[in-house]
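Trainee: Given next are the chains, with one letter for each unit.
Protein chains: 2
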Amino acid sequence: MRVSDRSAALVLCSGGQDSTTCLRWAANRWQEVYSVAFDYGQRHRVELDAAHTVASMVGVVEHRVIPVEALKLLAGNSLTGDTAVGNVLEADNGLPNTFVPGRNLMFFTLAAAWAYQLKVSHLVTGVCQTDYSGYPDCRQQTVQAMTMALRTGMDYGFTIHTPLMHLTKAQSVQLAQEEQALELLAYSHTCYNGSVPPCGTCPACKLRERGFREAGIADPLLQRLASEGTV
Amino acid sequence: MRVSDRSAALVLCSGGQDSTTCLRWAANRWQEVYSVAFDYGQRHRVELDAAHTVASMVGVVEHRVIPVEALKLLAGNSLTGDTAVGNVLEADNGLPNTFVPGRNLMFFTLAAAWAYQLKVSHLVTGVCQTDYSGYPDCRQQTVQAMTMALRTGMDYGFTIHTPLMHLTKAQSVQLAQEEQALELLAYSHTCYNGSVPPCGTCPACKLRERGFREAGIADPLLQRLASEGTV
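Read top to bottom, the protein sequences are chains A and B.
Residue 65 in our numbering sits at position 65 of the first sequence; the count goes up by one each step and never skips.
Residue 178 in our numbering sits at position 178 of the second sequence; the count goes up by one each step and never skips.
Hints in this document: simulated from the structure, not taken from any laboratory.
Here the structure is a predicted model, which is why all the values come from computation and not from measurement.
Possibly wrong hints are sitting among the right ones.
Because identical chains cannot be distinguished in the list, a pair is counted as satisfied if it fits within a single copy or across any two copies.
[Stated by the list, open to error] List of simulated lysine to any residue pairs, SDA-like, C-alpha gap at most 20 Å: (1) K206 - H63; (2) K72 - R224; (3) K72 - K119; (4) K206 - P220; (5) K206 - V46; (6) K119 - R64; (7) K72 - Q117; (8) K119 - L73; (9) K72 - H161; (10) K72 - E178; (11) K119 - M57; (12) K119 - G157; (13) K119 - E228; (14) K72 - G41; (15) K72 - D39; (16) K206 - D5.
Chain A on its own, in the form it takes in the complex:
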């Protein structure tokens, strides 16, 4: 199986807290970093702007936004539809109503397709099993299975790096501090409702708030907004 010898990585960067941390983590380890975000009609589209901002701050070689029209058509749920966002579990499957089936599988595949063209074999993603909010596509087991599918399906020696997989949110915040990612996190976006300043009440906002609180570190996003007089 072929593998690239370039010191280069492609980061799946949604502009959220976790992928932004991973973007800096990758920039600290590879000479060239590329980043990719996905436009699937998400309610919190402001995160696409955040992804662009943090990618620029890190100095990526190229940042792409890949449209995934298909997910918009397929997903009947609250991240892309009109349903209210909340801690609501679907009655028939016990998954959060923010679950978009196949979302991360699609993202991995598209990222790998671009990486294949770039001759980049390292992919980096912020998925996390610990705080995975009930999403089965954030599990270590899924990433392992997807790695095998990408390797055999493209005959290319991809590695998917998941630096946050087994960290709590507080540990992710600590890692962000160690990796000098806090300045980037001031421009990351988390709120599922797409609010700036963040709504503070959706599951994503609550998770972020708890992570910073437990780590004993102030959220640089709130500090920045406060300094700008936004909150």
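Since the structure of chain A is already known, use the hints to place chain B on it.
Mentor: Frame of chain A; chain B shown alone:
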């Protein structure tokens, strides 16, 4: 892991010879059949019309065309670009220049995402390792890996059926006859150049011609076109 008890299957139907055979194969086995084709800017777009025609002939519950804009953007090759189609191998990887990286992985994921919504756990695809033209995403190994990725990624008990996986093209033609799929094959499309009547010289046309010839069965597409005075 959840699994559906519906007698229903979703067929990945490009409108080509193999997936059309699989469409009939599925209709002979499940009470309800759905079909899906993908629009990724392929040069042979006439196959999308063929897929619609054969799906109607079989009486599927629903046929969908899912847009995969992203593949069009990512793929720098002869099926979607301006390069000539032929038996050309790329210099750096030994794969045919018709290889669209990640294409089938994407199709499996999108099909599974729709199947998940439909509560359908059986997917059927015409991929074939024997005549796979050098595409790594048509191998049994890839389908197995992808099945694991879909199962763990969506927490749903998908099965991917590949009735043609280990058949030669001639054996696929024989299977089509046994399954009463020949009448459908009269409306299937194979030519990579999108020609009607088929160009007869591209790799796909040659493979089809050889399959029917070795099976000792006349190609119903050519018979139909001849009866209509087209060839």
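Trainee: At most 20 Å between alpha carbons: which applies to K119 and M57, within, between, both or neither?
Mentor: Result: close neither inside a copy nor across copies, 24 Å intra and 44 Å inter.
Trainee: What label fits K119 with G157 when the C-alpha limit is 20 Å: within, between, both, or neither?
Mentor: within (10 Å within a copy, 34 Å between copies)
Trainee: How do K206 and V46 come out at 20 Å by Cα distance, when the copy is not named: within, between, both, or neither?
Mentor: Within one copy only: 18 Å inside a chain, 50 Å across chains, cut-off 20 Å.
Trainee: Can you give me the call for K119 and R64, within, between, both or neither, at a CA distance of at most 20 Å?
Mentor: The answer is within: 16 Å in one copy meets 20 Å, while 34 Å across copies does not.
Trainee: Give the relationship of K206 and P220 under a CA distance limit of 20 Å: within one copy only, between copies only, both, or neither.
Mentor: For K206 and P220, only the intra-copy Cα distance (16 Å) is at most 20 Å; the inter-copy one is 62 Å.
Trainee: At most 20 Å between CA atoms: does that hold for K119 and L73 within a copy, between copies, both, or neither?
Mentor: between (31 Å within a copy, 16 Å between copies)
Trainee: When no copy is specified for K72 and H161, does a C-alpha distance of 20 Å or less occur within a copy, between copies, both, or neither?
Mentor: For K72 and H161, the Cα distance exceeds 20 Å both inside one copy (27 Å) and across copies (27 Å).
Trainee: When no copy is specified for K119 and E228, does a C-alpha distance of 20 Å or less occur within a copy, between copies, both, or neither?
Mentor: For K119 and E228, the Cα distance exceeds 20 Å both inside one copy (42 Å) and across copies (49 Å).
Trainee: Regarding K72 and D39, is the shortest C-alpha distance of 20 Å or less found within a copy, between copies, in both, or in neither?
Mentor: Both, since 9 Å and 15 Å are each at most 20 Å.
Trainee: Which holds for K72 with E178 at a C-alpha limit of 20 Å: within a copy, between copies, both or neither?
Mentor: Neither: 37 Å inside a copy, 40 Å across copies.
Trainee: Regarding K72 and Q117, is the shortest C-alpha distance of 20 Å or less found within a copy, between copies, in both, or in neither?
Mentor: between (26 Å within a copy, 13 Å between copies)
Trainee: Is it within a copy, between copies, both, or neither that the alpha carbon of K72 lies no farther than 20 Å from that of G41?
Mentor: both (6 Å within a copy, 19 Å between copies)
Consistency with the previously given hints fails for numbers 1, 2, 9, 10, 11, 13 and 16, ordered from lowest to highest.
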